[in-house]
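Residue numbers (this note's numbering), protein chains in the order written: chain S, 1 to 344; chain B, 1 to 327; chain G, 1 to 334.
Think of the hints as simulated: they come from the structure by calculation, not from any bench.
In this text, all values refer to a predicted model and were calculated from it rather than measured experimentally.
Every residue, glycine too, gets a C-beta built ideally from N, C-alpha and C.
Be a bit skeptical, because a hint or two may be false.
[To be verified] Quick partial rundown of chain B residues pointing at chain G, CB under 8 Å, derived from the structure: (1) Val36; (2) Thr39; (3) Gly43; (4) Gln47; (5) Val199; (6) Ile233; (7) Ser315; (8) Glu316.
[Claimed, not checked] If you want a taste of the chain G side facing chain B, the calculated C-beta under 10 Å gives, among others: (9) Leu52; (10) Ser184; (11) Ala189; (12) Leu206; (13) Leu208; (14) Tyr209; (15) Arg210.
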Amino acid sequence: MNTKASTVRQPSPWVLPAVLTLVLISFLAAVFLGIVDIPARDVLSALTGSGSPEARSIILDIRLPRIVTGILAGVQFALAGLLLQTITRNPLADPSLMGVSQGATLTVTMFLLFTVYLANPDSHSVNELPIAWLPPAGMVGGMIAGGIIYLLAFRLDLSPIRITLCGIAVGAVMHALAIGLIAGWGSARIEIILEWMSGSFYARTWDHALFLLPFTVVGFAMLPLIYRPLVLLRFDAAVARSFGLSYRRQFSLVLLLSCALAASAVGAVGPIVFVGLIVPHLARFLAGRHFPLVLPLTIVLGAVIVTLGDLIGRLAGGAEEIPIGVVTAVTGVPVLLALLRKIP
Amino acid sequence: MSFDFALSSGRIVLSGLLAACAILVTVPALADDATVTVTDDRGVEVQVPAQPKRIASISYFADDVALALGIKPVASTYMVDGRPPEFLLGLTKDMVQIGQRAKPNLELLSEAKPDLIVAIRRYTVGNAPQLEKIAPYVAWNMELLDGSDKEIEALSKVLGKPERGIELNKEFRAHLAEIAAKAPKDVHPRYAIMWGGEVPFAFHDENTSASIVNAIGGENIAGAMTPGGEFGIDLSLETMLEKDPEVLFIYDYGPDRPHENNPIWSQLTAVKNNRVFYVGDQWVETNGPIAREIMLREAAHYLYPDVFPKVDVRSEAAKLIPAEVQN
Amino acid sequence: MDARKSSITVGLIVVATILIIVAGLLPGAKMLSIDAVLRVLVAPDGKIESILVWTLRLPRSLTAAVAGAGLAVSGYILQSLTRNPLADPGITGVTAGAVAPIVTCFVFFPSISGHLYPFVGLAGGLAAATVTFWVARGGTGHPLHLALGGVSVSLFLGAITIYVLLFAGPQSTALLFWLVGGFSGRSWANLLQMLPWVLSGVLGALILYRVIAMFSLDDRSAAGMGVQLGFWKPVLLILGICPVAGVAPIAGPVAFVGLAAPHIARLLRPRGTGWEIGLAAAIGSLIVTTADLIARTVAIPKELPVGIITALLGGPIFVYLIQRGRLDFRSEGP
Chain S
1 MNTKASTVRQ PSPWVLPAVL TLVLISFLAA VFLGIVDIPA RDVLSALTGS GSPEARSIIL
61 DIRLPRIVTG ILAGVQFALA GLLLQTITRN PLADPSLMGV SQGATLTVTM FLLFTVYLAN
121 PDSHSVNELP IAWLPPAGMV GGMIAGGIIY LLAFRLDLSP IRITLCGIAV GAVMHALAIG
181 LIAGWGSARI EIILEWMSGS FYARTWDHAL FLLPFTVVGF AMLPLIYRPL VLLRFDAAVA
241 RSFGLSYRRQ FSLVLLLSCA LAASAVGAVG PIVFVGLIVP HLARFLAGRH FPLVLPLTIV
301 LGAVIVTLGD LIGRLAGGAE EIPIGVVTAV TGVPVLLALL RKIP
Chain B
1 MSFDFALSSG RIVLSGLLAA CAILVTVPAL ADDATVTVTD DRGVEVQVPA QPKRIASISY
61 FADDVALALG IKPVASTYMV DGRPPEFLLG LTKDMVQIGQ RAKPNLELLS EAKPDLIVAI
121 RRYTVGNAPQ LEKIAPYVAW NMELLDGSDK EIEALSKVLG KPERGIELNK EFRAHLAEIA
181 AKAPKDVHPR YAIMWGGEVP FAFHDENTSA SIVNAIGGEN IAGAMTPGGE FGIDLSLETM
241 LEKDPEVLFI YDYGPDRPHE NNPIWSQLTA VKNNRVFYVG DQWVETNGPI AREIMLREAA
301 HYLYPDVFPK VDVRSEAAKL IPAEVQN
Chain G
1 MDARKSSITV GLIVVATILI IVAGLLPGAK MLSIDAVLRV LVAPDGKIES ILVWTLRLPR
61 SLTAAVAGAG LAVSGYILQS LTRNPLADPG ITGVTAGAVA PIVTCFVFFP SISGHLYPFV
121 GLAGGLAAAT VTFWVARGGT GHPLHLALGG VSVSLFLGAI TIYVLLFAGP QSTALLFWLV
181 GGFSGRSWAN LLQMLPWVLS GVLGALILYR VIAMFSLDDR SAAGMGVQLG FWKPVLLILG
241 ICPVAGVAPI AGPVAFVGLA APHIARLLRP RGTGWEIGLA AAIGSLIVTT ADLIARTVAI
301 PKELPVGIIT ALLGGPIFVY LIQRGRLDFR SEGP
């Protein structure tokens with residue numbers, strides 16, 4: 001057995017516990033650290049409901065909801081990335097590379113345009129940005145982008161390379177349109193739209209977390225159902241069919257799931273680039289070729305990366321936080337480059 | 001409503017009585033401190049402390065009103081980091097700096113322990129639920145001159161000096177009328193108030209600063225707001241050239257001035273006659289009593305330099321801000 | 001098409017572009033009559049009509065035409081060099097590479113003169129392209145690698161650009177230009193600033209058209225025909241990036257022209273590589289000039305960003321190309 005296993009690196013049995021510890025540490029760090037220094041004792045008392053009102057407000061109303069929203073979004077991005085990478089057999093698939101994020105951006109922009117400008121006949125009012133409606137609006141756009149990509153690819157018998165290319169193309173068109181709309185009509189509130197576009201957890205509330213929760217739960221619930229197909233979809237169509245897989249149906253199902261996960265997350269926190277791309281690779285790096293371990297590791301690492309990224313952004317930017325999307329883009333690049341070079 | 005009536009009648013005793021009644025009616029006995037109700041531009045009735053001690057200002061408006069009333073806010077946003085506005089004598093630099101007005105840092109805001117947040121509506125209303133958790137949150141539009149009087153009156157009332165607010169409004173209207181009367185009647189300089197940049201963004205007539213310049217005889221090239229539209233517009237260069245402003249007020253944002261490189265710049269009458277003025281924060285956050293007084297004087301001088309004297313922003317501000325909060 | 005037909009096609013497109021430019025002198029915030037335009041074209045005076053024509057409309061349309069030609073040729077060279085039909089200044093990260101450092105200079109180092117921006121852009125564009133091509137093994141690997149590498153590099157630089165814009169705060173309205181591109185207020189000086197970069201790219205491509213044609217074959221055949229790959233690859237890469245380095249500081253990122261124009265040129269099947277390059281340049285000019293005219297006239301007194309028009313124009317072509325299977329992927333499959 002050893003002779004055979006020596007070529008396939010076995011993951012250390014400590015990987016999963018180690019990563020779980022990491023989740024705990026990053027979560028605690030995110031709760032305890034911030035631009036405002038709160039002594040650990042005060043944080044603890046705030047968590048138990050006592051303590052000073054400022055500490056309670058900062059911990060319970062500001063930090064916790066954004067951390068939880070972030071964790072849910074991070075898990076969803078990572079999972080969506082893993083699913084996309086697996087079924088397109090493209091190690092570089094990612095919601096932001098495949099057009100889903102851009103689709104969500106476009107509908108959010110259009111939504112703002114229509115609600116803020118067209119549904120506002122009163123000449124002296126300046127309407128607010130209906131931020132509570134952004135998540136569902138983004139969700140619709142992401143799903144539309146996914147749908148267009150699927151339809152285009154469907155006619156070509158779902159060749160993975162073309163799906164990816166269609167995704168890039170659709171994403172590029174939608175991105176250009178969204179930016180065009182912003183530049184043409186949104187100039188008086190440009191800071192708000194740009195903040196959303198860069199991917200941000202600023203001022204996220206429990207409502208955002210509650211919006212994401214059902215998607216995360218459904219995503220988790222689907223995992224046992226799609227697990228076997230997913231393993232087989234790693235092979236090309238012919239091989240997968242020879243295992244008795246109804247290739248197209250399963251492919252569509254997984255594609256739909258990953259689009260829903262990514263689109264809802266984009267809707268809630270904006271397009272956070274590279275999380276979906278890099279986290280599955282980190283998971284694979286840790287798990288070796290042991291696919292059953294890749295899945296949980298992806299989920300857990302998604303939470304860790306996003307939590308730490310947001311913590312860095314909160315601490316490093318001073319009064320003006322650095323948006324998480326920028327942090328992940330900047331820190332993700334070295335990983336990305338190494339990755340791209342490694343792929344044969 | 002009765003409250004407004006009492007104030008406009010100017011009978012302070014009665015207004016005090018009515019205010020007391022209003023408090024009794026609107027606030028059940030469970031609150032420890034006295035509160036008053038303000039209806040802000042969202043249409044929301046906000047319960048605020050009757051005498052707020054720790055004001056947080058998102059935009060400069062609340063800084064402006066509070067300082068004019070002799071109260072120092074505890075936290076403020078900024079337009080340009082590290083450049084406290086001169087028209088407030090740089091006093092905002094001692095307050096907790098909570099970032100830009102579109103994205104005030106919630107943790108720092110919370111740490112400042114405000115008992116009242118007064119914010120510009122269009123940037124903050126999306127995050128109202130979060131702000132409301134920190135302190136009572138009042139959002140005003142802070143865009144138009146009509147709004148300015150109303151907002152100053154309301155905020156002075158909240159800050160416990162209702163009569164001072166009315167006085168400030170009266171004084172300003174009197175000054176405005178005085179300068180308008182003194183201004184030459186035969187000339188109406190075409191002007192624009194704008195943000196610089198590749199494409200200039202100019203304010204429409206209804207905007208506070210443009211309304212003031214209009215009132216003393218200027219003619220705004222950006223014209224009136226379209227119904228349902230924005231308070232300003234991206235003017236294409238052709239429009240600029242065609243309307244050919246004689247005076248340009250450009251918000252001084254920093255050393256970079258890309259608009260000066262555009263080809264029509266040198267063709268504009270304002271540029272040819274050296275009448276381009278880089279103006280301070282009081283021209284874009286004009287709704288406060290100090291900002292609009294100073295801005296009015298500056299505008300008068302820039303439009304009619306022969307009739308009105310040059311304005312020193314700091315010394316004007318020193319007159320308007322009570323000495324006890326100046327240091 | 002034979003040589004005569006090819007030259008006629010190029011001629012027709014150039015004439016169409018000129019017509020658009022002339023027609024574009026009429027509309028705007030102030031409509032001018034044909035008489036007035038012809039009068040001031042012949043005899044400029046200091047009046048508003050003359051200023052409109054000579055300092056606003058004519059230079060910006062010409063700048064658009066030159067930029068279009070530059071982007072198209074840049075796309076053509078990159079596509080041939082990588083033998084990848086999807087390569088263009090946008091998708092290889094070159095545009096983003098040019099824009100991000102310029103925006104950074106603009107916000108953080110305003111003391112740097114605007115005249116240096118093409119060099120900043122060139123350095124950034126080259127760096128981004130180097131990374132993309134390094135990742136894609138000189139573009140000879142899987143075509144996906146180039147596309148994905150480039151898009152990733154673009155996303156990365158795009159995130160930086162957006163952060164810098166956010167940092168700039170309320171002024172970002174003015175900086176939005178760097179996200180969409182446009183020709184508002186482009187002057188003769190801008191045109192002159194851009195011209196050498198674009199000319200070097202276009203003329204270089206026309207002179208080297210034989211080498212570029214060789215690159216359409218695979219590496220081994222090209223080497224067999226006597227092309228020194230090690231020498232010509234970097235030369236062509238720089239040649240392909242030069243026009244973008246000139247265009248990006250002046251016009252910002254104008255999307256899809258570099259991708260669509262060469263493909264339309266190829267669909268017309270002119271006589272050879274030389275004509276293809278010329279045709280692509282002409283088509284690029286026509287597209288951008290038209291898009292700019294639309295962008296500045298549909299919403300007077302505002303202007304729309306030109307990028308939204310070119311995206312509407314080029315995007316469907318892109319998707320059509322993929323979908324119709326017109327693209328040849330040598331190494332399709334896992």
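Taking the numbered hints from earlier one at a time, note which ones the structure violates and give those numbers from smallest to largest.
Violated: hints 1, 2, 3, 4, 7, 8, 12, 13, 14, 15.
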